[in-house]
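Numbering-wise, my numbering puts 145 at position 145 of the sequence shown, and it's gapless, one number per residue.
Keep in mind that the hints were calculated from the coordinates and are not lab data. Note that beta-carbon positions come from the ideal geometry of N, C-alpha and C, so glycine has one too. All clues given are correct.
If you anchor each label on the Cβ, the simulated ranges turn out as follows:
hint: 1; residue 1: R95; residue 2: T6; range: 47 to 53 angstroms
hint: 2; residue 1: R83; residue 2: D146; range: 37 to 43 angstroms
hint: 3; residue 1: L7; residue 2: Q30; range: 33 to 39 angstroms
hint: 4; residue 1: R83; residue 2: Q16; range: 31 to 37 angstroms
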Amino acid sequence: MSDVTTLGQRWRTLDQLHREIEAHIERELQVHLGLSAREFLALSLLQQHNTYTSVRHWLYEVAAEVGLSQSATSRLVTRLRERKLLTRRTSDHDRRTADVELTAAALDLLQRGIPVFEEALRAAVTPARYPPESLRLLQYLQGHVDQP
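Please put together the full structure from these sequences, using the hints given.
See the structure below:
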């Protein structure tokens with residue numbers, strides 16, 4: 001097998017593993033919190049930044065950190081705002097951007113959600129769920145080996 005073929009196979013294995021882990025986490029977050037994985041990630045990132053920097057977040061920063069386009073992030077923020085988990089207002093510094101802040105309801109949801117997320121992640125990386133070619137990657141994720 002050529003190096004390119006081997007690399008391609010490894011990429012497909014990594015991609016499949018990522019999708020399966022993400023799908024498991026997504027299901028658990030939906031069942032327990034009614035949030036998608038991206039919604040939970042956006043709330044978590046906003047909480048982390050507010051904790052450490054105590055500044056409002058620009059919408060484009062949320063988009064970059066969550067890995068969505070500007071328009072998809074705007075829709076995500078609208079959903080979270082409709083659920084009263086975020087406040088959003090036009091920035092005083094740049095009227096083209098929006099400041100986004102967590103509400104008390106979001107902070108409560110995150111407090112309940114972190115254990116759900118962590119347990120879902122632990123369950124998702126259980127080696128028995130995956131084929132042998134994924135085991136080294138799983139061991140790497142679990143911190144049992146230095147490199148995949």
